[in-house]
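A.B. asks: Sequence:
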Amino acid sequence: MKKSVIESVKKHIDGGFVLEKPKDLSFGHYATPLAFSLAKKLKKSPMIIADELCLKFDKETIFDSVIAIKGYINFKLSDGFLDAKATEAIKENLNFAKSDKNESILLEYVSANPTGPMHIGHARGAVFGDTLTKIGRHLGYKITTEYYVNDAGSQIEMLGLSIYLAGVDRYTDDEVKWPDEYYRGEYIYDLCDEAKNEFGVEVFTQENIQKLSSWGKDKMMNLIRDNLMKAGIEFESFVSEKELFKDWDDSYKKLKSNDSVYEKDGKVWLKSSEFNDEKDRVVVREDKRPTYLAGDIIYHDNKFQRNYDKYINIWGADHHGYIARVKSAVHFMGYDEDKLEVILSQMVALLKGGEPYKMSKRAGNFILMSDVIEEVGSDGLRFIFLTKKSDTHLEFDIDLLKQQDSSNPIYYIQYAHARINQIFQKSGKSVDDVIDVHLKDLNEDCRNILFSSLLLSEVLEDAFESRQLQKLTEYLRNLAAAYHQFYNKHKIVGSEDEDKLLKLSAMVATSLRVGLSLMGIEAKSRM
RNA sequence: GCGCCCAUAGCUCAGCUGGAUAGAGCAUUGGUUUGCGGUACCAAAGGUCGCAGGUUCGACUCCUGCUGGGCGCGCCA
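Taking numbering that gives the first Met the number 0, the leading residue of the first sequence gets 0, the next gets one more, and so forth.
What the hints contain is simulated information worked out from the structure, not anything from laboratory work. Remember, predicted model here, so these are calculated numbers, not experimental data. Each statement offered as a hint is correct.
Derived lysine-lysine pairs resembling DSS-like cross-links, with alpha carbons at most 30 Å apart:
id, residue 1, residue 2
1, K425, K523
2, K470, K9
3, K309, K252
4, K1, K488
5, K210, K195
6, K439, K75
7, K97, K9
8, K1, K75
9, K90, K523
10, K10, K42
11, K490, K75
12, K388, K141
13, K253, K141
14, K387, K2
15, K75, K2
16, K241, K253
17, K176, K195
18, K428, K488
Build out the structure end to end from the sequences listed, making use of the hints.
C.D. replies: The following block contains the structure:
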């Protein structure tokens, strides 16, 4: 819709201009403050310039009127134009607001360590990534989703150790000497019970820690997949850190040939300080074991070899310090580091009855994603995360999520959708019965809500490109509110304009349905 | 100490690449139905946009400094 407007305006105005939405819809559907920027150059008052420019648009049929108000040029779209767009959109149904962006994107997200179940912090990145994928694909982006499994390193051993200790604690008379660091929490005891059932009590010996590590890791990975599935999230590919390490030599050669590594004190260092990082980083230790960073270097080498237009990583905000060193490695290996974008997902503070919950894997008193889903449902969980920017700290009280009334905005939107469905039932008509009605001679209320419902495609593009998905939820909430208002003000079934108003309602429902489905939330036809 | 993020109504947050009178939800107070689901709607009240400068015709938005909070600053992952 916006594209049509821009094209029409371009015909009459030279050079660039800003097209924005007026504060007040009664001014027009679109507006430009162009006259202000021209005022200085032309040495005339913005009001006069705006008046003059308006006259040029007399013959544009997509506009009902073009008027100047306080220096702003306001464009009001014609009923015919809006009607044509709406007819098309209703017919497209779930395909409405699709686009043809063709960029290929490799999206890596969640990548939670397989040493414990998903907690609420992971859930935020998971929901964000999944929704970004859904919206992106709707717009035509070719997105591949990937989960990087950190199945190497001491953390996995610590998992085995923790299971072993729990087993000794629960099933033997021996006294456990708890080390400083180990994983605690219910799930470790669950694992140890399971291990006992599978292997018998005799598995809890020092010699079996290795075995328990690898076994536990697989169990955790299954659990994580299960957690994700409950929120409607599936990954196309899982990449194992352990597997990748066989390619270390290749990646290392690339770094070496670009003279971006050096040896010092028996270790290998990356010259990341030459590229935005605070200091150089060790990639191979004295004992020849590569560091965690080395794993990420191989992984990104691997990613870039697959030749996508863009690579997006969603990381927890506590990893922000890591961006510079990974980007520097990508750069040193000869790739365009600007193709790598990192989206940070901020901390989630969960409250319950005003009491703050601390989230720590090691302490084990974290909130499980699966518990939250059980309490508020997948829809509720998803919506809450999608109402906030990913990079702001988010705080919510779980007791509030449990309330299934108007304080939970998701019900508000679903109710609007359900309401439209009920109206159609009451009228005894179907969408097909009213699709060909011409929406003309509309009153202001009708035209505004019709226009609002057509904005979805612009909102989706904006939300995706700015990576600010809350714009979609904000939009849906506003659209639902507009419809509830409309419903209270105008009688639909049995009115003189019944067919027109039904078509209008169908259009609103279409946008709500598409928007909700992209968020992975069900659009209910009755509550 | 250095780096990144944040600071907007009592609370939780929006505010589009700078643009018209800074918005919503919750909470508070008061209203609305013989009209299609009141799980809704209307209205009132609530703000020196953390502080101080600067750039601009115009700043919540951009720049600088300061204050307060979070996170990071491992040869852990």
